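The residues making up each chain are set out below.
Number of protein chains: 2
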Amino acid sequence: EVARVMEKYDLVSVPVVDFQNKLVGRITIDDVVDIIKEEADKDFQLASGISEKIESNSTVWRMSRARLPWLLIGMLGGTLGAQVISTYEGSISQIPALAFFIPLITAMGGNVGVQSSAIVVQSLAKGNQFDSITSKLAKETLVGLLNGLICSLCIFGIATYFENQTLGITVSIALFVVIIFAAIMGSMIPLILNKYKIDPALATGPFVTTLNDVLGLFIYFTVGMILYGL
Amino acid sequence: EVARVMEKYDLVSVPVVDFQNKLVGRITIDDVVDIIKEEADKDFQLASGISEKIESNSTVWRMSRARLPWLLIGMLGGTLGAQVISTYEGSISQIPALAFFIPLITAMGGNVGVQSSAIVVQSLAKGNQFDSITSKLAKETLVGLLNGLICSLCIFGIATYFENQTLGITVSIALFVVIIFAAIMGSMIPLILNKYKIDPALATGPFVTTLNDVLGLFIYFTVGMILYGL
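Chains as they are written, first to last, in my numbering: chain C, 184 to 413; chain U, 184 to 413.
Chain copies aren't distinguished; within one or between two, either way the pair holds.
In silico SDA-like cross-links for lysine to any residue, where the CA-CA straight-line distance does not exceed 20 Å:
#1 Lys309 <-> Glu235
#2 Lys309 <-> Ile218
#3 Lys220 <-> Lys236
#4 Lys220 <-> Asp382
Everything labelled a hint here was simulated from the structure, so no lab data went into it.
Computed from a predicted structure; not experimentally measured.
Go ahead and model the full structure; you've got the sequences and the hints to work with.
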């Protein structure tokens with residue numbers, strides 16, 4: 184809080200007074216520098232799926248423990264993903280080519296989600312409250328639409344050349360829907376977390392990625408079943 | 184450079200002199216605060232796959248352009264992944280259950296890679312050169328071994344319960360190998376980029392994720408073919 188005000192008005196020192204307005208000390212800018220750096224480090228680590236503050240000289244055991252929570256969430260997501268795919272087992276044994284683009288769909292959903300949430304997390308960290316939530320969402324949706332269109336057109340060409348037109352149409356439609364969903368989810372989740380006073384940087388990590396994986400797989404196979412008439 | 188020295192020694196102002204040692208100006212701590220924040224923001228955005236400096240009030244077109252390079256790299260990675268899986272098309276049509284855990288393998292490879300590279304990127308950004316490269320790699324490998332062991336045991340139970348023991352063994356061996364590889368790659372790539380004066384924060388983004396996806400798929404299906412005797 185103090186750090187943000189001092190940064191905004193370029194103050195080098197702030198007095199601290201007690202309830203009688205007597206001077207009890209001061210906060211200098213070099214304390215602020217330390218705080219700003221630490222906050223940025225913490226956000227970066229949270230976004231990378233590291234749940235405790237660690238330094239490169241922490242013990243192996245501590246480093247391992249800081250990372251495990253996110254890995255276990257990732258495993259849970261992967262297991263849910265497996266469950267989604269298993270409901271389409273019949274379709275896969277008939278059209279195994281449907282499996283080829285599973286990693287593309289999940290990776291793109293993850294990438295878009297992380298990009299969207301990073302922007303929202305940063306603007307929240309800066310205390311930027313100018314834009315309303317709806318205008319942020321509208322903007323992210325527009326960016327998602329534009330990037331979704333470009334990526335879908337590319338992948339339509341690639342998948343058609345690579346396999347056949349039905350797969351090309353399946354992958355491109357699914358990718359388009361996944362990118363838009365991921366852009367919306369990626370910006371909504373940090374906003375919601377922030378509203379409930381949870382650190383929004385949490386959202387940029389494996390959490391958004393995992394959610395988008397499961398959603399993306401569902402969309403992809405649903406589109407595939409419809410287009411292949413399975 | 185100046186920012187790092189000022190932060191280290193808690194200086195609030197640094198004189199700037201010309202070649203005759205005449206005072207020409209000064210750099211104050213509030214300039215440094217701005218620089219530190221900007222650097223941290225840039226690292227965070229790079230790690231999230233955003234290639235140009237953008238603010239939340241940038242235009243939709245500019246936001247879209249800043250994100251496209253990484254999305255196209257992700258698409259390239261997804262296409263490579265599709266190519267890897269397509270070489271196992273026969274195996275998938277015989278054992279469609281092999282496809283179930285594709286997202287788990289790629290997601291875990293990505294998560295571990297991002298965690299490892301985040302730690303290395305941060306310690307490089309702090310100018311921490313105490314540890315040698317080999318000791319960093321050794322530590323990340325150990326953390327990978329430990330987390331790989333824990334995650335593999337979990338997934339062995341899940342996949343065996345969920346499907347059968349052969350799949351359980353396949354997924355757990357593949358996951359173990361993928362996690363160790365991802366930990367080593369995730370810490371090596373930023374170190375290599377840094378050596379060639381490329382911003383190591385680039386590595387934490389879709390680049391590491393994409394590489395680990397392709398590698399992970401290859402390991403997974405190779406283990407699967409051996410164990411299923413395909």
